[in-house]
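Start from chain A and add chain B according to the hints.
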Amino acid sequence: MLNVKNLTCARGGMPVLADVSFVVDAGTALILRGPNGIGKTTLLRTLAGLQPAVAGAVAFPEDEGAYASHADGIKTALTVTENLKFWADVHGTPLPDSILEIFDLADLRDRLGGTLSAGQKRRLGLARLAVIGRKVLFLDEPTVSLDGFSVKLFADWLQNTHLAAGGVAVIATHIDLGLNAPELDLTPFKAADDASGGSDEAFL
Amino acid sequence: MIALLFRDLRLAIRAGGGFGLGLAFFLIVVVLVPFGVGPETELLSRIAPGILWVASLLAALLSLDRIFALDYEDGSLALLATSPLPLEGAAMVKACAHWITTGLPLTLAAPALGFLLSLAPEAYAYLLISLLIGTPALSMIGTFGAALTVGLRRGGLLLSLLVLPLYVPTLIFGAEAVRRGAEGLDPTGALMLMAGITAGSFALLPFATAAVLRINLR
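Read top to bottom, the protein sequences are chains A and B. All letters in the first sequence, in the order written, are residues 1 to 204 by our numbering. All letters in the second sequence, in the order written, are residues 1001 to 1218 by our numbering.
The set of hints was computed from the structure by calculation and includes no laboratory data. One or more of the hints may lead you astray.
[Unchecked claim] With the Cβ distance kept under 7 Å, some of the chain A side facing chain B (calculated, not the full set):
hint: 1; residue: Q51
hint: 2; residue: D63
hint: 3; residue: A77
We put the CB at the ideal spot given by N, CA and C, even for glycine.
For reference, chain A alone in the conformation it holds in the complex (with noise of 0.2 Å):
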């Protein structure tokens, strides 16, 4: 479902990791795993399409990609239900309760966002990923701040619904998720420092 090929990838003008292949089928996760600096987040981001790729081809159902990172977009003046149903609405899918309760938020659904622990918040935007409904998730160290028994909250529907469900994963993560999926190292693709790539970007 997720092909990329040859992906080179830069971060400010410079290539951080250079012919990255792999293929993800749907119904599987792929554990990116390397250490700080690799370039984890850039990759992700340009797999997401924030970011032009300096080479390299990315492939995945059109209108299919959801990207997550360590900024949730939560709101502080809204409530928990608010953020959700504003995501619900901008990419037009429903707002089941269940979505409240897979993340152990339903006590929580007035609550406004500023009001919430950043463990909370971290749920809150995780939940926003079932609401969305996207298949292919871009996923940036997605248990940050989150305690054992919320890790396997977001695990388990990870597993059980998305993937389940025909849906594919590509995670940044240090820890251990208790998922059964493959992991990619990423420091053999480290770029060389010599490479040159995305000069554009040197005069933006």
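Below, chain B without anything else, positioned relative to chain A:
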């Protein structure tokens, strides 16, 4: 797109400063002018169109940097960019939301402030019409400026420097329309040109804004 509009309006109301701030600023600037110029009604009534327009320009400028900055900081801009909503549409909706929270209240409050500046009675209708036609252009041009400076820390000052020169045509034609109205001349020409600027900016700037946002999101 409607969802984004309602969200922005709701945020403007809840977070405060949306509806009130620009309007209060407008009020204070206009009230300060008679103090500075002195109580000569003839002089005041002559400069009233210009003062009202300059003040509404500055009031519109005040809240521009919030259009994209907050969404950029909390990550929603990146999420919007990957949503089915085209960024061009989002840019236009943001400009509309900005207009509803600043341009519209300014327009409605302007006649009352015209009274403070002893604006000629014939000019009130044209003041209202010119602001109604002109302030959407201020919001749209400002949205473009806000997109240009979105990733910058303290981009507010740079934003003013970028946007104010672009406001000049709207200011000239807006104040001119009110002045001509006050003198009993035909202000249609100025109003038409201003309407042209507004229509043109809404036709072109959403695309420019979206392009700039994509670059700033990289």
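Do the hints match the structure? See the list:
no.	hint	result
1	Q51	holds (4 Å)
2	D63	holds (6 Å)
3	A77	holds (4 Å)
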